[in-house]
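Engineer: Turn these sequences into a full structure, and let the hints steer you where they fit.
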Amino acid sequence: MKRTLLMLLLGAAFISGTPDQAKKILPYPILQKKLENGLNVVTVPYPSPGLAAFYIVVRAGSRDEIEAGRTGFAHFFEHMMFRGTDKYPKEQYSEILKSTGASANANTSLDRTLYHMTGSADKLDVMFDLEADRFQNLNYSVDGFKTEAGAVKGEYTKNSASPYVQLNEKISETAFKTHTYGHTTMGYFKDIVDMPNQYDYSREFFKRFYRPEYCTIIVVGDVTQERVNELSQKYFGDWKPGTYVSKVQQETPQTEPRYTHIKKEGFPPYMDINFKGPAFSDQNMDMPSLDVLCSILFSEKSDLYKQLVLQEQKCRFINGGAQNSRDPYLISIGASVAKEQDMMYVKTTIMNALESAKSKPFAANVIAETKMNLRNSFAMGIDNPTSIAEALSAYTWLTGDPESINRTYALYEKVTAEDMMRVAQKYFMSNTLTIGTITPSESFNFEKSPSATPQIDKQK
Amino acid sequence: MKKIFLSETIATIVLFITFTINATAQEVVELRQPEAAKAVIKFMFNNGSISDPAGKEGLTQFTTSMIADGGTKTMTKSQIDDALYPWAASISASVDKEVSIFTFECPSAYLDKFYPIMMDVLTSPAFSKEDYLRIQSNQQNYVDEVIRSSSDEEYSKKALEDFLFRNTPYQHMISGTSIGVKNILPDDILAHYKSYYSSKNVLIGLGGNYPADLAARLKTDLQKLGASEKASQLRRALPRPPKGLEIEIVSKENALGSAICMGFPLEITRSSNSFAALMIANSWLGEHRKSYSHLYKKIREERSMNYGDYSYIEWYDNGGSNMLPPPGVPRSSNYFSIWIRPVQTAVGLKKQYSELSDINIGHAHFAIRMALHEMQKLINNGMTDEDFTSTKTFLQSYMKLYIQSTEKQLGYLMDSRFYGRKNYISEMGDLLESVSLDEVNETMKKFWQTKNLYVTIVTDATEAEPLKKSLESNAPSPMSYSNVLKGSMTPEILKEDKEVENYPLNVKSVTIVKSADTFRNTNSDPNGKPVQMENVVPEMKMVK
Chain A
1 MKRTLLMLLL GAAFISGTPD QAKKILPYPI LQKKLENGLN VVTVPYPSPG
51 LAAFYIVVRA GSRDEIEAGR TGFAHFFEHM MFRGTDKYPK EQYSEILKST
101 GASANANTSL DRTLYHMTGS ADKLDVMFDL EADRFQNLNY SVDGFKTEAG
151 AVKGEYTKNS ASPYVQLNEK ISETAFKTHT YGHTTMGYFK DIVDMPNQYD
201 YSREFFKRFY RPEYCTIIVV GDVTQERVNE LSQKYFGDWK PGTYVSKVQQ
251 ETPQTEPRYT HIKKEGFPPY MDINFKGPAF SDQNMDMPSL DVLCSILFSE
301 KSDLYKQLVL QEQKCRFING GAQNSRDPYL ISIGASVAKE QDMMYVKTTI
351 MNALESAKSK PFAANVIAET KMNLRNSFAM GIDNPTSIAE ALSAYTWLTG
401 DPESINRTYA LYEKVTAEDM MRVAQKYFMS NTLTIGTITP SESFNFEKSP
451 SATPQIDKQK
Chain B
1001 MKKIFLSETI ATIVLFITFT INATAQEVVE LRQPEAAKAV IKFMFNNGSI
1051 SDPAGKEGLT QFTTSMIADG GTKTMTKSQI DDALYPWAAS ISASVDKEVS
1101 IFTFECPSAY LDKFYPIMMD VLTSPAFSKE DYLRIQSNQQ NYVDEVIRSS
1151 SDEEYSKKAL EDFLFRNTPY QHMISGTSIG VKNILPDDIL AHYKSYYSSK
1201 NVLIGLGGNY PADLAARLKT DLQKLGASEK ASQLRRALPR PPKGLEIEIV
1251 SKENALGSAI CMGFPLEITR SSNSFAALMI ANSWLGEHRK SYSHLYKKIR
1301 EERSMNYGDY SYIEWYDNGG SNMLPPPGVP RSSNYFSIWI RPVQTAVGLK
1351 KQYSELSDIN IGHAHFAIRM ALHEMQKLIN NGMTDEDFTS TKTFLQSYMK
1401 LYIQSTEKQL GYLMDSRFYG RKNYISEMGD LLESVSLDEV NETMKKFWQT
1451 KNLYVTIVTD ATEAEPLKKS LESNAPSPMS YSNVLKGSMT PEILKEDKEV
1501 ENYPLNVKSV TIVKSADTFR NTNSDPNGKP VQMENVVPEM KMVK
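Chains as they are written, first to last, in our numbering: chain A, 1 to 460; chain B, 1001 to 1544.
Take these hints with a grain of salt, some might be off.
The calculated lysine-lysine pairs, modelled on DSSO-like cross-linking and capped at a C-alpha distance of 27 Å, are [said to hold, decoys possible]: (1) A/24 with A/34; (2) A/301 with B/1073; (3) A/123 with B/1400; (4) B/1495 with A/90.
Calculated directly from the structure, the hints in this document are not laboratory data.
Structural biologist: Right, dumping it as structure tokens:
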């Protein structure tokens, strides 16, 4: 007991936040300042001696690729951000970056592009200089542009060896007919091959999205807010805001189930069941309720996992969850099935569990344990500045406000059995289904199976 | 846990050497952080896949999974999952060639409740029939299907190890072979557990926030594991010396690109002080996923050929996902390697660009030439003073990033012991500080060469035969740029291309292997019976 008390005292001293801070999932204050040009600057001091993580979130991703033939462009542009400026041409940029000894890279997804560096806190000035220069003054050559396109093609080539990646491309285009979520962040291969011809569009893309109002700087580690704000003002203060407002066409309602299939011999049969889900919000209970529900339904503690993976061993693994996204996206349930002839059985078993979730409330202790799991999982993962910056970035690109992380976890605590039944009824609807399959067969049709009628949509 | 290396003065060629592991009480590595929210507890057993008996390849992986992912005599796997769930505690395990590591993580507040489950998992596994069937099915599926059909790059790396270590206990994949996994019976697992997961064969690692008496408690409780010293008899071997460029092309249906790996035995490991010098040279040549490394610049950035090109002076686990090298894969048997990420095939380029309709092969031959050409130039010319200084400075900071989390820091400290060091990261920092340019250039000349390598290329079935002919005949392999790209190539690049397309490679053999036939040529015959090893394995020399 003494040890526990000591630990709590040390923990409290270590956190050194306000009393309110103790109630938040992130035990460190999130210090924010918005510059006059609209750039949000976030500092989280964290005791990592000598080390800091420096992230820039751009709230533009493949969702913003609204023009035909330009799929994959946000990701391609992320590559171009490493191709130099007048002040620091590519070679010089690389050499200076190397001199910081930082681990630096970038990645793109549906709704955002993320640039990150983790390195010595005393190199922060250099990091700010490099990032501010390329975010404001990127100036690559046409030749450099064309050459970089081959690297993107190489990336597609390596990724597409995976049948899961191939299926993801097909599910996206099957599930979304009008929204840009219909193409993957990687884009279509034909558009990637055509990328070298899109130089002018790339300049337009830069003008649209690489603007202070689309970006947030996040610095976590051995820093003070004063220093981070000072560097932000010094290097990013003169950055001019833009005028572009991204107008993404929303998806038209889906009226019937859709299917897509990949024939793959010598690969374990797989099914990916997708329902249309909600957009992320920390202002209502839909997404938090789905998160708690999906953890109960698909974690290693779930009845489905115990039945399908451990006892019957019909599945090699199952997983499920609602993806956080700015516009409504997918609630996806994946199952690797040991034998193709069990695909229908597995699907029916999963559908029955989803149907049951609509009317049968989960026990209070199950809900309490799941909330505890969510809290402890988060606490276990934040023992370094990089992982904290990653977590803050995710909520920043979703809402524009890193405090959303604390609001979201606070909502988890409020989820009730009724909330979960409500979201199950609202979202597990067969008319919004898109099911992707991988089997050795040319095609796969659940409907032809004798037990094909899914037990679903029987609303109360 | 100390290892005794054979000295360089031993002249006789032996088939295998014996690594001696002192039979002492368990050593403990402690990384106590009273302010942390969690505790990380690791157990590193000095037995990896090299302890798999011939004909039962995959047994160590299977046994380790049965412990970490199965039930115990008092709790089923399902009951363990239920207990861990609210705490978000985790039990995981990894197996490499020479070690198996169990990692237990738990919020410190629940450590008292977690401890008995952890000890139960480790010292009292159930080895139940249900767990056996589940794990066997999944492991079999991995070696039969998943490795061949998920990532051509990972496939190529596994194929290279199969080639480098052929006819040694290091040859087979850690998950085993198709025949080997089929042959593993419940009794084999029990016997393997008793022989190798012993209190005489384990290094304990404690990290984060845990009580001061935990080490003593663990030492006592681990006595339940028994005291087998069989791990001390494990045979270690260097990879086979390649004779020229020995190339295996793995032919697959519908492969989009050619995934290339190549390597040769390397006599030194982290144990050697010369490793710091080689680390600087390697970082300049091909630092993992860094745009400022030389191979990346030449192949990806200048020529637009693929996603990246890197070189390694030790095994880098799961390089496709990891930006920084993870701990937990220490090896005494080492090799140098180059990883060229998939380049385009002829059939792919023809589909993309009508102007390339008459090409015969894709970019693989040129890429291999380019990589070896640049490496040989580096060996011949040495690093410049400027490159040496910038790379050394980079590494001195960069290595500190390997150990950002408690788990990683503890893992690196435990790996340090494997190599006879106390703290690899800090000791390497000191060595980097003191190493000179001359030492780097001399070390390269001593340990690196480009004439004798094993090469594996996973590629499309249509590419295999023309590529084989091109490699065998050392035919010129001009780069086939699309029209849209050709105009962007500088005269310097095009001039260098001319030199590289004719760069002579010391090719001695090129074999095409169908995907279904890979990983078959192991220590056991097709029925799983052990076969006599060829006398090709050199003595193990650990150079300090």
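Engineer: Each hint should be assessed against the structure and marked as holding or not.
Structural biologist: Consistency of the hints with the structure:
With a C-alpha separation of about 22 Å, the suggested pairing of residue 24 of chain A with residue 34 of chain A holds against the 27 Å cut-off. A threshold of 27 Å between alpha carbons decides the hint, and for residue 301 of chain A with residue 1073 of chain B the separation of about 20 Å falls inside it, so the pair holds. Straight-line distance between C-alpha atoms of residue 123 of chain A and residue 1400 of chain B comes to about 14 Å, which keeps the hinted pair within the 27 Å bound. For the suggested pair residue 1495 of chain B and residue 90 of chain A, the alpha carbons sit about 22 Å apart, so the restraint of at most 27 Å is met.
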